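**Q** The chain contents come next:
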Amino acid sequence: MPSLGPVILNVLTDRQWMWIASGFYVGGFLLGTWELVRRGRPSGVAMYTLIAVGYALQWLGLGLRGRAVGGCPLGNTFETFQFTAWSAVSLYLLVGVTFRSSMLGYFSSCLGAALTVLSLSIPAWDATRRTHIFGNNPWIEFHAALALFSYGVFALLALTSGLFLLRLFSLQSKRIGGWFSFLPSIMALDHIGLRLLQAGVTLLGLSLAVGSVYWLRDTGSVSHAKLLITVGLWVAYAAALYFRLRGRLLAKRFAWTCLILFAAALASLGPVDASRRTPPAAAVHTPRAA
Amino acid sequence: MSTPHVFVIGANHHKVPIEVREKLAVDAGKAEALQADLAGIDGLREFAVLSTCNRIEFYGVGSDAAAAERVQAAFCARQHFDGAEFEKFRMDLRGREALQHLLEVAAGLDSQMLGETEIFGQIKEAYAAAQARKSTGPVLNRVFQKAFQAAKHVRTATAITVGQVSVANVAVELALDIFGSLGSARILLLGAGDIGEKTAKAFQSRGAATLTVSSRTFERAMELATSLGAGAIPFDQREARLPDFDVVVCSTSAPTTVVSHPAVDAAMRKRPAQPLFFIDLALPRDVEPSVARLDNVFLYNLDDLAKIADENRAAREAEIAKCRALLAERTETLWKHIEPQLKGLPGLNHGAGADPAPSTTST
Numbered sequence: 242m243p244s245l246g247p248v249i250l251n252v253l254t255d256r257q258w259m260w261i262a263s264g265f266y267v268g269g270f271l272l273g274t275w276e277l278v279r280r281g282r283p284s285g286v287a288m289y290t291l292i293a294v295g296y297a298l299q300w301l302g303l304g305l306r307g308r309a310v311g312g313c314p315l316g317n318t319f320e321t322f323q324f325t326a327w328s329a330v331s332l333y334l335l336v337g338v339t340f341r342s343s344m345l346g347y348f349s350s351c352l353g354a355a356l357t358v359l360s361l362s363i364p365a366w367d368a369t370r371r372t373h374i375f376g377n378n379p380w381i382e383f384h385a386a387l388a389l390f391s392y393g394v395f396a397l398l399a400l401t402s403g404l405f406l407l408r409l410f411s412l413q414s415k416r417i418g419g420w421f422s423f424l425p426s427i428m429a430l431d432h433i434g435l436r437l438l439q440a441g442v443t444l445l446g447l448s449l450a451v452g453s454v455y456w457l458r459d460t461g462s463v464s465h466a467k468l469l470i471t472v473g474l475w476v477a478y479a480a481a482l483y484f485r486l487r488g489r490l491l492a493k494r495f496a497w498t499c500l501i502l503f504a505a506a507l508a509s510l511g512p513v514d515a516s517r518r519t520p521p522a523a524a525v526h527t528p529r530a531a
Numbered sequence: 007m008s009t010p011h012v013f014v015i016g017a018n019h020h021k022v023p024i025e026v027r028e029k030l031a032v033d034a035g036k037a038e039a040l041q042a043d044l045a046g047i048d049g050l051r052e053f054a055v056l057s058t059c060n061r062i063e064f065y066g067v068g069s070d071a072a073a074a075e076r077v078q079a080a081f082c083a084r085q086h087f088d089g090a091e092f093e094k095f096r097m098d099l100r101g102r103e104a105l106q107h108l109l110e111v112a113a114g115l116d117s118q119m120l121g122e123t124e125i126f127g128q129i130k131e132a133y134a135a136a137q138a139r140k141s142t143g144p145v146l147n148r149v150f151q152k153a154f155q156a157a158k159h160v161r162t163a164t165a166i167t168v169g170q171v172s173v174a175n176v177a178v179e180l181a182l183d184i185f186g187s188l189g190s191a192r193i194l195l196l197g198a199g200d201i202g203e204k205t206a207k208a209f210q211s212r213g214a215a216t217l218t219v220s221s222r223t224f225e226r227a228m229e230l231a232t233s234l235g236a237g238a239i240p241f242d243q244r245e246a247r248l249p250d251f252d253v254v255v256c257s258t259s260a261p262t263t264v265v266s267h268p269a270v271d272a273a274m275r276k277r278p279a280q281p282l283f284f285i286d287l288a289l290p291r292d293v294e295p296s297v298a299r300l301d302n303v304f305l306y307n308l309d310d311l312a313k314i315a316d317e318n319r320a321a322r323e324a325e326i327a328k329c330r331a332l333l334a335e336r337t338e339t340l341w342k343h344i345e346p347q348l349k350g351l352p353g354l355n356h357g358a359g360a361d362p363a364p365s366t367t368s369t
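Same order as they appear, the protein sequences are chains A and B. Just so we're aligned, residue 242 is where the first sequence starts under our numbering, counting upward by one. Just so we're aligned, residue 7 is where the second sequence starts under our numbering, counting upward by one.
Source of the hints: derived by calculation from the structure; they are not laboratory data. Only a predicted model underlies this, so the values are computations on that prediction, with no experimental measurement involved. Just so you know, even glycine gets a beta-carbon here, dropped at the ideal spot from N, CA and C. Wrong hints could be hidden among the right ones.
Some residues of chain A that are not near chain B, with every Cβ distance over 12 Å (derived) [what the hints assert, rightly or not]: (1) G264; (2) T318; (3) A355; (4) A368; (5) S411; (6) S422; (7) A429; (8) L449; (9) A466; (10) L468; (11) W475.
What the simulated footprint calls covered on chain B by chain A, stretch by stretch (three residues with Cβ under 8 Å from a Cβ of chain A suffice, anywhere in the stretch; the number is not a length) [stated by the list, open to error]: (12) 274–281; (13) 300–308; (14) 316–329.
Derived CB-CB ranges, DEER-like [said to hold, decoys possible]: (15) A/W380 x B/G189: 57 to 67 Å; (16) A/N251 x B/K328: 48 to 58 Å; (17) B/D200 x A/T290: 47 to 57 Å; (18) B/G189 x A/A365: 52 to 62 Å; (19) B/D48 x A/V278: 54 to 64 Å; (20) A/G511 x B/T216: 33 to 43 Å; (21) B/L289 x A/V278: 35 to 45 Å; (22) B/T223 x A/V278: 52 to 62 Å; (23) B/R247 x A/H432: 19 to 29 Å; (24) B/A215 x A/V278: 37 to 47 Å.
Please model the complete structure; the sequences and the hints are all you need to start from.
**A** Here it is as structure tokens:
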């Protein structure tokens, strides 16, 4: 008798699992919107549960995809969007419960839903799947996973920056009632933003450091465009951190900077993926329809 | 023979002006004597006394309808208050209405400051005191316990306690929206005005780290600082010391502003990442309005705070009908239990002596 695990895993394809996960994120977003409109406050426990279930299912889908492609699933734009959403939600599940975070949950479900639905809705992003893109080198895989995880950190940073701007708007326009009252405090958002920026810069820096070891061995292995974009992004985030710590990039300007940088990071995913050169061991195939 | 009944008799802020409430107030010294008077009343099986600055209310279970009148007579005699005068504004509710009243009082619906929760603690104290004296019994024990449950239910199921409704508490709530916690917040009180003092006290009660007072008259500042357990600084140092504070409460009667834009700008250069919150309660205003344009500076004046308090109050008022409906359901359920319980109690045979006064506590 076959064990239950493989049976469950083979019931649906990786994309189907990810669709269901996306449904939970959308459900969290809809529930939050409904509760905000109806009761003027987001739903804490129910929201967290929906996101957690969606996260687990997305993990399952990514795991299946990873098994199919023989490594971390980062071989096309669809996979990078999925992995970024998964990283951001991982961080929310870790840090979201530590401070007044019901609105953070609402916006996390919104982010998770947006990234996953978008990536699932554009078949071209998943038209080709590259297998074994990292060859047999776990360090390159580690480098790529770290880079994408840092994108997840920056996604959550963008989210907290959005919350910061909303809180600032509420305090400056002197509208503190209603659902504004469920936003975290200015200081809490500022602290978490700074910590996320530090974590993101460190992770992306570490990823680039690991990647640079292999790039130095073979400078032709990475396209100039990819090099320029990724290093430029890291420098921009590092500069934001430097100016924030020096007290020269604060409050509203800091929040807007983080939002703009994340938009740039998202926009860079396509070009970076397109400029990636296929390692010798990698194969490209067109997947069966999900 | 009369049927036992539950009642509430008393006076509260709805009908009684403060001058009269002062005369009706029962201080600790009188309370003991009054309790002894009530314990000796014929046909008063159970009782509890709720005495706050806004109300004096006697909850009781009488063996006959006249027990409440005897309670009123005993109270007026003890307070040397004219009984006929008391009847003009007294509240006298019986049966189901008495229960509904207690539930509404416990939920803060009957309070001067709608939805406040202090009354809940005061009722708990009154009930605990009555229990300690063994003046409650099976009926009042059930009534009070169900009232507490109902009040908690209303607080969680409605928005009756959401948002602060006093200027001082609104200011504290805003500070929490900025700082998250007041554990490390340093407060500077500029001026010795009454409203400023109340606001400073509100910050202290919510755990502010330090309080410093500065007034145009240093002696007055010292006096107020001593009474508040705070520090004091000379008034002419107020602007130079701004970087040392997180919240500045202003309530001077100065004819012009006492905190200038350049001073705040200079202070923020020394602490750019740390917000500075000005609460300007003075008229004319103490803080130059343009400081609100600076990064990480928040400025609220008296009108801003009053507007928020009014909005919160209106939001609470909009919840009243929902709360009353919830409490009416609870009252109905409670009454279904209490009514047969009352019928099971022996009544008072007129002219045949009294029931033994207060029964023992059943819990």
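**Q** Work down the list of hints and note, for each, if the structure agrees.
**A** Right, here's what the structure says about each hint:
Look at A/G264: its CB is around 30 Å from the nearest CB on chain B, clear of 12 Å, so calling it non-interface holds up. Distance check on A/T318: its Cβ is at least 37 Å (rounded) from any Cβ of chain B, clearing the 12 Å threshold; non-interface status holds. Distance to chain B confirms A/A355 as a non-interface residue, since its nearest Cβ pair spans about 28 Å, more than 12 Å. Listed as outside the interface, A/A368 is consistent with that label: its C-beta sits roughly 47 Å from the nearest C-beta of chain B, beyond the 12 Å cut-off.
Not every CB of chain B is more than 12 Å from the CB of A/S411 (nearest about 8 Å), against its label as outside the interface. At roughly 7 Å from the closest C-beta of chain B, the C-beta of A/S422 falls inside 12 Å, breaking its exclusion from the interface. Distance check for A/A429 against chain B: the nearest CB is about 5 Å away, which does not clear 12 Å, and the non-interface claim fails. Interface exclusion of A/L449 from chain B stands, the closest Cβ pair being 28 Å apart, more than 12 Å.
The beta carbon of A/A466 is kept farther than 12 Å from every beta carbon of chain B, the shortest such distance being approximately 36 Å. For A/L468, the requirement that its beta carbon stay farther than 12 Å from each beta carbon of chain B is met, with the minimum near 34 Å. The Cβ of A/W475 sits about 23 Å from the closest Cβ of chain B, beyond the 12 Å cut-off, so the non-interface label holds. Under a criterion of three residues with beta carbons nearer than 8 Å to beta carbons of chain A, the stated coverage of the stretch 274–281 of chain B is upheld, 3 such residues being counted.
By the rule of at least three residues with a Cβ nearer than 8 Å to a Cβ of chain A, the coverage given for the stretch 300–308 of chain B holds, with 4 such residues. Under a criterion of three residues with beta carbons nearer than 8 Å to beta carbons of chain A, the stated coverage of the stretch 316–329 of chain B is upheld, 3 such residues being counted. Taken as a hint, the range 57 to 67 Å is violated for the pair A/W380 and B/G189, whose Cβ atoms sit roughly 45 Å apart. Checked against the hint of 48 to 58 Å, the C-beta distance between A/N251 and B/K328 comes to roughly 52 Å, which is consistent with it.
Distance hint check: the CB atoms of B/D200 and A/T290 are about 49 Å apart, consistent with the given range 47 to 57 Å. Separated by about 53 Å at the C-beta atoms, B/G189 and A/A365 satisfy the suggested range of 52 to 62 Å. Checking the proposed 54 to 64 Å range against B/D48 and A/V278 shows it holds: the Cβ atoms sit about 59 Å from each other. Under the hint 33 to 43 Å, the C-beta atoms of A/G511 and B/T216, about 54 Å apart, miss the expected range.
Between B/L289 and A/V278 the beta carbons are some 39 Å apart, a value that agrees with the proposed interval 35 to 45 Å. The hinted range of 52 to 62 Å is satisfied by B/T223 and A/V278, whose Cβ atoms lie roughly 53 Å apart. For B/R247 and A/H432, the Cβ-Cβ distance of about 25 Å falls inside the hinted range of 19 to 29 Å, so the restraint holds. In this structure, B/A215 and A/V278 meet the distance hint of 37 to 47 Å, their C-beta atoms being roughly 39 Å apart.
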